[in-house]
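Given chain R's structure and the hints, the job is docking chain P onto it.
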Amino acid sequence: MNLLPFVVAGLVIGSVYALSGVGVLVLYRTTGVLNFAHGAVGGMAALLVWQMVELRMQPPVAIALGVAAGAAIALLFGLVAGPFLARVDQLRKAIATLGLALALLGLMLFVWNDKARTIRLESSRISFDVAGARVNVTQLVCLGLALLVVVGTLLALRYTSTGTSMRALASDRELAAVVGTNVRLVENTAWAISGAVAGVSGILLADQTRLEPAFLTFLIIPELAAVVIGRFVSLWLTLVGGLAVGVGQSLVSAWPTVSAFSTAVPFVVATIVILVAARRRVVTVRVVRT
Amino acid sequence: MSQVFLARADVRGALVGLVLGLALALGLPALPGVGAGLSLRTLTVCAIYALAAAGVGVLYGRLGLVSIMQIGLVAVGGWVTLRIYHATHLPFEVVMVLAALVTAVVGVLVGLPALRLSGLSLAIVTLMVAGALEVLVTYAGFPNGGDGFLGRASGGTLAAIMPRPALGQSDDDFFRYVGVAVVVVLALLRWLLMVRPGRTWAAIRQGEAGAVSLGVNTVAHRLFALAVTSAVTGVAGALLAASSGILDPASFKAQQSVLLFATVLIGGVFSLLGAVIGGLLFYGLPQLLSTVGVDGNLVFVVLGLGLVQAITTTQAGIAGQLGGLWRRLRQPRPRRPREVTA
Chain R
1 MNLLPFVVAG LVIGSVYALS GVGVLVLYRT TGVLNFAHGA VGGMAALLVW
51 QMVELRMQPP VAIALGVAAG AAIALLFGLV AGPFLARVDQ LRKAIATLGL
101 ALALLGLMLF VWNDKARTIR LESSRISFDV AGARVNVTQL VCLGLALLVV
151 VGTLLALRYT STGTSMRALA SDRELAAVVG TNVRLVENTA WAISGAVAGV
201 SGILLADQTR LEPAFLTFLI IPELAAVVIG RFVSLWLTLV GGLAVGVGQS
251 LVSAWPTVSA FSTAVPFVVA TIVILVAARR RVVTVRVVRT
Chain P
1 MSQVFLARAD VRGALVGLVL GLALALGLPA LPGVGAGLSL RTLTVCAIYA
51 LAAAGVGVLY GRLGLVSIMQ IGLVAVGGWV TLRIYHATHL PFEVVMVLAA
101 LVTAVVGVLV GLPALRLSGL SLAIVTLMVA GALEVLVTYA GFPNGGDGFL
151 GRASGGTLAA IMPRPALGQS DDDFFRYVGV AVVVVLALLR WLLMVRPGRT
201 WAAIRQGEAG AVSLGVNTVA HRLFALAVTS AVTGVAGALL AASSGILDPA
251 SFKAQQSVLL FATVLIGGVF SLLGAVIGGL LFYGLPQLLS TVGVDGNLVF
301 VVLGLGLVQA ITTTQAGIAG QLGGLWRRLR QPRPRRPREV TA
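In order, the protein sequences belong to chains R and P.
Anchor point for the first sequence: position 117 equals 117 in the UniProt record's numbering, and the numbering is continuous, going up by one each time.
Anchor point for the second sequence: position 121 equals 121 in the UniProt record's numbering, and the numbering is continuous, going up by one each time.
Source of the hints: derived by calculation from the structure; they are not laboratory data.
Glycine residues also receive a C-beta, built at the ideal position from the N, C-alpha and C atoms.
Hints may contain errors.
[Unchecked claim] Simulated DEER-style distance windows between Cβ atoms:
1) P:S251 - R:R134: 36 to 46 Å
2) P:S290 - R:R231: 40 to 50 Å
3) R:V151 - P:D10: 52 to 62 Å
4) P:S213 - R:L275: 25 to 35 Å
5) P:V105 - R:Q58: 53 to 63 Å
6) R:R120 - P:A202: 49 to 59 Å
7) R:F84 - P:L90: 44 to 54 Å
8) R:P5 - P:S251: 28 to 38 Å
9) P:V105 - R:E174: 36 to 46 Å
[Said to hold, decoys possible] Just a few of them, taken from the derived set where beta-carbon distance is under 8 Å, the chain P residues facing chain R:
10) S121
11) A132
12) K253
13) A254
14) F261
15) L298
16) V301
17) L305
18) T312
[As the list claims (entries may be wrong)] What the simulated footprint calls covered on chain P by chain R, stretch by stretch (three residues with Cβ under 8 Å from a Cβ of chain R suffice, anywhere in the stretch; the number is not a length):
19) 61–71
20) 135–142
Only chain R is shown next, with the shape it has when bound in the complex (with noise of 0.2 Å):
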C-alpha cells in the first residue's frame, strides 16, 4: 500500500493543528487562559465564510473578513469576561471558555443547522503530483503558513514591545503590572491574535476537512493535543506535536480495521506525554497575594 498520499494529508492537518495551537498557546501563556472555544471560533469564521461566499462575495474579502469575525469574536470575550477571569484559577479560566464553546456551538447550530457543507479556496484547485502524492496549492499554504506562524511567534515574542509584555505577564501577571505593564492592552491583544489565528486554521481546517458545527468545534481536541506535547511551553515542540498527531491519525485511517479509532489517536498520544513528562507530582503552597 502506498502510503505517502496519507502522510502529505496528516502533514497538512497537522500542521494547522499546530498552527491553531500556536494561537492557543499564546492566549494561554499571556492570560493563562485555556481557550476550550478555540475551535468554535475558527468554525465560526469558517461559517460566516460559507455564508458570505453563498451571497456573492468575493473570496478573499470574505476570507478577511472571517479571520476578522474570529479576532473580534475572541476579543469580545476578552473585553467581557477578562476582568471576571483575572481573578480565578486556571481550571476555572478554562472551564468559562468551555462555555463560550457551547454557546458558539448552539449559535451554528441555530443559524445552519448541521448538514454538512463544503468549502473550497481557490487554491485548492490548483494542484500538482509529488512522487505519487497529488498536493494542491492550500495544502502548501498551511505547510507554509504553520512554520511562518511559529517562526513569526518566536520572533515577535523576542523583539517586540508588546511581545516583550507579553513574555512579562507569562512569568508574573502581577509583577508587570507593578512595573506599568499594561495588562489589559496585553491581554485583549493576545485574545485578538489567538482569535484570528483560530479563524484562519478554522478555514483552513473546514477546506481541508469538512464544514459542520461540532466537527469544527471539538477540533480542539488534537489541537490540545499539540499544546500538551509542547509541554504548555514550547513553540517548537507544539509544532511538531501537531504534526506527529495529524500524521498518527492520517496513518490509522488508513488501515480499514482501525481507521475508526483514528479519533483516539490524540488522546492516546496525549497521555503518553502526559505519563512521560509527569515524574512527579509537585505540591507547591501558594503564598496568598491579597
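Relative to chain R, chain P alone:
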C-alpha cells in the same frame, strides 16, 4: 449520641432531602397532569441524568476535579448493561451493579495518568476521552442481541430489546422504580460525603499541601472519588438502557458531556439538589423548549453563557441561591431596636 447526630445541620438537611426525594419519586406519577405519557417519560430521563450530574457535581464541588466525559461514561454503563443482559439474561438489578463496577474501572483507568498532573490535565484528557468515546460508540453501536463481542444484530435478524425490570413495567411504575433507585444512590453518595472519605476530599479541596501534611494519600483518594462517581454514572447508564431497552449512539455526543457539565455548574455543585436541578436543565429544558416550539439548539447558547456566569460570579449555583433564600426566610433579620420617641 444519636441526639447529637440528628442535631447536625447537614444530617437534618440530608434527611429532609431523603424524605422529599422519596415522596416525589413515589407520589409524582399520581399527580394530575404529570401522569400522562410524555411528560412523565421526560421526568424519568431527567431523574436518570440527575445521577450523572451528581457524579460531575461531587467531583468538581468536593474535589475540584473537572471531568467532561460523564455522558461518555453513561454510554459505557448502558453498553455494558445491554451486553451483559443479552449474554446472560440475569435480573436487571444484578446487571446494573455489574455495569456500575465496569464503568468505575473505566473511569479510573482514564483518570489515572492525568491525576498525576494538575487539574487542568484531567480536564483536557477527559475532553479527549469524550471525543473518542463518541466515535467508538457510533462505530460499535449498542448491543441488541446479536452475535460476536459487539453483540450487534444485522441483516435479517430482528433486533432484541432488553425488557424493563419486573418491578417497573408500566411508565408509572418505572418512574417510581427509577425515582427510588436515584434517591437510594444519592443517599449513599450523601452518606459518603458526611463520613471519612468525604471529609478527606474536603481537606484535599481546601489545600493539597495541608492534606499531604496530614498523611493523606491524595492520588488514592482522588482515584476513589473517580471510581465512586463513575459507578454512579454507570447506574445512570443502566437505568437509561432499561427505560427503552435499546440505546441510540446519537444521544451520547461529546457536546452533551460539555452541556451536562454546564448544567451542573449552573444548578450548583455544592449540594445534591444542584445535581437534580442540573438533570432537569440538561434533559427537561430542551424538551420543554421544543414543546413550546423554540429551536432546541438555543439551549446550548443559554446554558453556555450561564456556565460563564456561574464560573465568574455565582459559585454555588442555583441550589446555593435557593439555600441562601431559605436561610433568609427562616431567620428574619434581627429587628432594629425601636427608637424611643419622646
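Hints, one by one, checked against the model:
The hinted range of 36 to 46 Å is satisfied by P:S251 and R:R134, whose Cβ atoms lie roughly 39 Å apart. At roughly 45 Å, the beta carbons of P:S290 and R:R231 sit within the given window of 40 to 50 Å. In this structure the supplied range 52 to 62 Å holds for R:V151 paired with P:D10, their Cβ-Cβ distance being about 58 Å. Distance hint check for P:S213 and R:L275: the Cβ-Cβ separation is about 27 Å, which falls inside the suggested range of 25 to 35 Å.
For the hinted restraint 53 to 63 Å between P:V105 and R:Q58, the CB-CB distance of approximately 56 Å keeps it satisfied. Between R:R120 and P:A202 the Cβ separation comes to about 56 Å, which falls inside the hinted range of 49 to 59 Å. The hinted window of 44 to 54 Å between R:F84 and P:L90 holds, with their beta carbons roughly 51 Å apart. Taking 28 to 38 Å as the suggested C-beta distance range, the pair R:P5 and P:S251 conforms, at roughly 36 Å.
At roughly 44 Å, the beta-carbon separation of P:V105 and R:E174 lies within the given 36 to 46 Å, and the hint holds. About 6 Å separates the beta-carbon of P:S121 from the nearest beta-carbon of chain R, less than 8 Å, and the hint is met. At a threshold of 8 Å, the smallest CB-CB gap from P:A132 to chain R is about 4 Å, leaving the interface hint in force. A distance limit of 8 Å between C-beta atoms decides the matter here; for P:K253 the minimum to chain R is near 7 Å, and the interface restraint holds.
Because the closest C-beta pair between P:A254 and chain R is about 6 Å apart, less than 8 Å, the hint holds. Annotation: P:F261 was flagged as interfacial toward chain R, and the flag holds, the nearest CB pair being 7 Å apart, inside 8 Å. Interface restraint check: P:L298 against chain R, minimum CB-CB distance 6 Å, threshold 8 Å, status holds. The beta carbon of P:V301 is positioned within 8 Å of a beta carbon in chain R (closest approach about 4 Å), and the interface hint is therefore held.
Here the hint on P:L305 is kept, as its CB sits about 5 Å from the closest CB of chain R, short of 8 Å. The beta carbon of P:T312 comes within 4 Å of a beta carbon in chain R, closer than 8 Å, and the hint placing it at the interface holds. For a cut-off of 8 Å, the count of residues in the region 61–71 of chain P with a CB near a CB of chain R stands at 3, and the three-residue condition holds. A count of 3 residues in the region 135–142 of chain P with a Cβ less than 8 Å from any Cβ of chain R is obtained; the coverage claim is therefore met, three being the minimum.
Of the hints listed earlier, there is not a single one the structure fails to meet.
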